[in-house]
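Engineer: Start from chain A and add chains B and C according to the hints.
Protein sequence lines, in the order shown, are assigned to chains A, B and C.
Every letter in the first sequence is one number past the one before it in the working numbering, and letter 244, counting from 1, is 274.
Every letter in the second sequence is one number past the one before it in the working numbering, and letter 73, counting from 1, is 545.
Every letter in the third sequence is one number past the one before it in the working numbering, and letter 256, counting from 1, is 472.
Please keep in mind that the hints were generated in silico from the structure rather than gathered at the bench.
Just so it is clear, CB atoms sit at the ideal spot from N, CA and C, and this is done for glycine as well.
Just to be clear, a hint being listed does not mean it is correct.
What the simulated footprint calls covered on chain C by chain A, stretch by stretch (three residues with Cβ under 8 Å from a Cβ of chain A suffice, anywhere in the stretch; the number is not a length) [unchecked claim]:
id	segment
1	298 to 304
2	461 to 475
3	479 to 488
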Amino acid sequence: MPKAHESRRKERLDRGVKVRSDGVYAVASWREMAFLLGPRLLLIAGLLIMPLLLMPVPYWQKVLTIICIYSMLAIGFDFLAHYVGLVSLGGALYIGVGAYIAAILNTEMGLPLWATIPLATVLGGGVCTVLLWPCLPLRGVYFAIVSLMFPLLAARLIEAFDIFGGTDGIMGLDGFPNRWSEMYVLIICLLLALFALRQLVNEDVGLVFRGVKDNDQSVKASGIDITRYKALGVFIASSLGCLGGACLAHIYMWAGISQFALDFSIIPIAATVVGGGGTLAGPVIGCLILVPISELLRDFGTLRIAVYALILMAFIVFKSEGLMSYGARKYNQFEHWVEI
Amino acid sequence: MAGEPILSVRDVNKTFGGVKALTEVSFDLMPGDILGVIGPNGSGKTTLVNVITGFVKADTGQVLYKGKNLVGTAPHKIADQGLTRTFQVMRPYYSLPAYKNLIVPLFSPRARRTGGWRGGGRMGSRDTVAVDILEEIGFERESYVPYKTASSLPTGYLKRLELARCLALRPEIIICDEVFSGLSMSEMASMVPLMEKLQMEGITLIMVEHRLRELFRLANRVMVLNFGAKIAEGVPVEVMADKQVKEAYFGSEEVFSYV
Amino acid sequence: MDILIYGVINSATLALMALGFTLVYGVSRLPNFAHGALYVLAGYICWLLLNRLGLPYILAIALALGLVAVVGGAMYQLILVRIRGMSISEIIASYAIGLAILEGLRWGGLKGGTFTLPAFLEGSVDIAGVSVDFQRILVVVLGALLVGLLYFFVNHTRLGLALKGMAQDERAALTLGIDSDRMAVASMALGSLSAAIAALILLPLGSIVVEAGYHVLIMAVAVCIVGGLGSWTGAILASFVIGFAQILTTAYLGAHFQVVVAILAIILTLILRPSGLFGKQKELEERV
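Isolated chain A (complex conformation) (with noise of 0.2 Å):
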C-alpha cells in the first residue's frame, strides 16, 4: 500500500490563453494581446507613476531611487551569473567605481553632471572589465571567490595609499537637479537596461553568451574566442552598475570608500535569488521587496544584514526558482494533482 503522497503527482498545462497568444497569433485578440503584455505593461506603469503615488512621503521616494540603483547591479549580476555564467560575487566594485569616477570627473575637472554619469558609465565599465580580464578565464567557485576579493581590496587599498581622499572620500559633488530628475532619470535607465538586456539574450549574440554559459568547449570549438565574450559580458554587467555607482554619488553628492562595502555585493546577490535567476525581471522585483525591508529595518543597525542574508539563504535552499518563475508558471499553466 503505497502513502498517501506517493500516488499522486501535480499535473501542470498550460492556460488556453497562454498556447493561442504564443508565436504570431498573439494579435488574434485583445484579450491575448492583454494576457501578453499585462505584466510588461504593469511593471513599466509601475515604475513611471511611483514617484508620483510616493509625493507625500520624500523619504520613501529617496528608496525608490535606492531600490533602481540596486536593480540595475542585480538586473547585471544576473545576466552575468545565467547568460554568460561568471558569478560575480563583487558588485560593490562596479559602484564603486563608478561613484568615484564620476565624483573625480565632477569634482577634478568640473564636468558637469549630465556629462560625469554617462561618462562614468562607459569608463567605469572599461576600467572592470580591465581589472577582471584576467580572471575571466576562471570558472565557477574560482571567479567567485576573486570577484568577492576586488571590493574589499580596492577599499582597503584606498585606505593605505590614502588615495581619492583617503578614508574621507570625496565630497561637494553636484546633487541632481531635483529629486524627480533623480528619480526619473534612474527609472527610464532601469527599464531601457531591462528591456534592452531581455532582448539582448534573445537575439544571436545572447545565444553565443549562452552557449559560453553552457558549454565554453563547445563555443571555443566553433571558432569563437571566449574571453572577448566573457569581457563583453562583464563590461555590459559593470556598465550598469558603475551607471547606478555614479548616480549614488550624485545624489549623496559624496563617494566614499563605503560604497565599496558589502551591501552592494550582497543585496543584489540576494534581490537575484529571491526574484528568480535568469529572468533579468526577476532582480527588480526582488529589489522591489527586499530593499524597502532593508530600510524598514535600518532602524535596528546591522540586524537588517542579517535579515536579508536569512532570506537569501531561506530562497536559495528551499525556493531556488525564485518569485518571478513561480508567479510566471502559475499565471501561464493551472496547476492541478493527479492520482497516479
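Structural biologist: Relative to the frame of chain A, chains B and C by itself:
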C-alpha cells in the same frame, strides 16, 4: 599520391604529470582523405585530437596545417582556420533547441566570412541556415526534431549535432572523435553514407574510432596508436595484418572478427 | 630576528585560522564561507559562559567548543545538505549564514564596551632579545599540536580514514559503505571545532569583534587558495608564505597592508596558478 599534405603532425610529445600520453607521433594527411585513428583505450587518441586542435598544448613537436605551425595557437583560432573537431563526450548547449545550437558557430567570424551555408552570401536569417544544415546532416526538417531542446535529444542526434556544429563553420578538416560510439546499429548504418557525403564535398576527415568495421569501410588510411606511440600506419588491409597491431589488441580479437 | 619570530607566530596564527576551512573543503568540497562567523561565535559563546554564567574558564572553553561544533554540524545537516554539489549556491548560502550570524551578533551581542577573554598564561619571555608573550608561544605550540592531532586523526582512526577516502573519491567511498552525507556533517563539525579552537587560542590576544569574522574568512581563503584548495600541506606552507609576507610588509610599509597582502595573494594566485602554489596538477579541469 601527389601534392602537399594539408595537415602534417611531426614528432609530437605530450606528458601529463609523468604519464606519457603521446610519444613522437607523426603523420601526414592529404586533402580529401579519410584517416582512421584506432587504438585501445588510453592509447592517446583523444589527446592527439586535443593537441591538433589546440585544446592541449604539445610539449614538443609541430602540427603543420597548410605549412603553418599550430602548436601554441588558441583553439578558437585553429577552428577559425577551418580545422574543426567533434567531442567524444558530446558538448551541445543543452538548454537551447537543436537549431539554436548552430547559431553559435554561425555567429563565429569564420562563418560570417565565408557567408552562410553553400553558395556564399547571407541566405536568410541564421535560423533558416541552421535548419538547412541540420537537414543536411539527417534531422528531418518537417518533424519536430530540429526544434527540440538539445537535452531531450537521443545520442544519435547529439552526435549529428556535433558534426553539424563543425559543418556550420564550412571547415576544411573535421576531426571526428568517436562519432560511432554509443550509436545503435541502424544509427550507425545511416552515419556511414553521411561521412562519405562529407568526403565527396571535399572535406578532409580524421576519424578516431573504436568501431573498426565501419571505419575500415570509410578510411583510405589507418593509423594505430598504442600507449601513445604510433605502431602502424597504412591502408586498412595492411594494418589489419600487422603483427604488432594484433598484439596491441590482444584479448579483444572479437573486434577483428567484425571486419 | 624579530621578523623571524613574529613571522613564525603570524604564520601559526594563519594556519590555525585556515585549518578548519581547508578541512571542510578537503573532505566535502564545500567552501564554508561561514567559517569566520563560527570563529567569532565561539569567542562570544565562551565569553557569555564565562561572564554571564560564571563558569570556570576550562568548562566554558569545553562547552563553547562543543556548541560550535554542534552548530556547524547542524548547519550542514539542516541547510547545506539540500544544495550539495551546487558550488555557487553553497558559497552564497554559507556566506549568507555567516553574515546572519556576524551581523546578528553585532546587533544583539557584541556592542558597547570591549569583549575580551583572559589569556591562558600571563607574562612574557625574552627570545634572542625579543620579548614574546607566553600566549603567543602557546599559539605556535598549540598550532603545531593541532596539526599533529589532525594528521594522526586522519591517518590512524576509522572516522579519519573514512573522511580521507571521501576526499579522494566520493563515489568510490560510497560504494565502500561510507555515508557521504554523515561524513560531510562530521567534517563540518570538525571544521567548526577547529575554527572554535583557533578562536579560543587567538582571541585572548585581542578583543572579540565582528570584524574578526571577515578578517579570518579572508585569511582562511587566502591561505587555502595560495596553498591549493583542499591541500593540507599546501595550506600549512602557504600560511608561512603569507605570514612572512605580511610581517615583512608591516615592517617596511605599514600595518595597513596586512589584508592587502592577503587579498593580492588570492588574486595573483588565481590568475597565475589557480591550482595553488603547492596544488596538484589540476590545471586542466580548472582552466581549459
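Engineer: Now, for every hint given, state plainly whether the structure supports it.
Structural biologist: Hints, verified against the model:
Closer than 8 Å: that is the beta-carbon criterion, and the segment 298 to 304 of chain C has 4 residues meeting it against chain A, so the requirement of 3 holds. Here's how the segment 461 to 475 of chain C fares: 4 of its residues keep a CB closer than 8 Å to some CB of chain A, so the rule of at least three is met and the hint holds. Counting residues of the segment 479 to 488 of chain C whose CB lies closer than 8 Å to any CB of chain A gives 6, so the stated coverage by that chain holds, three being the minimum.
Checked against the numbered hints above, the structure breaks none of them.
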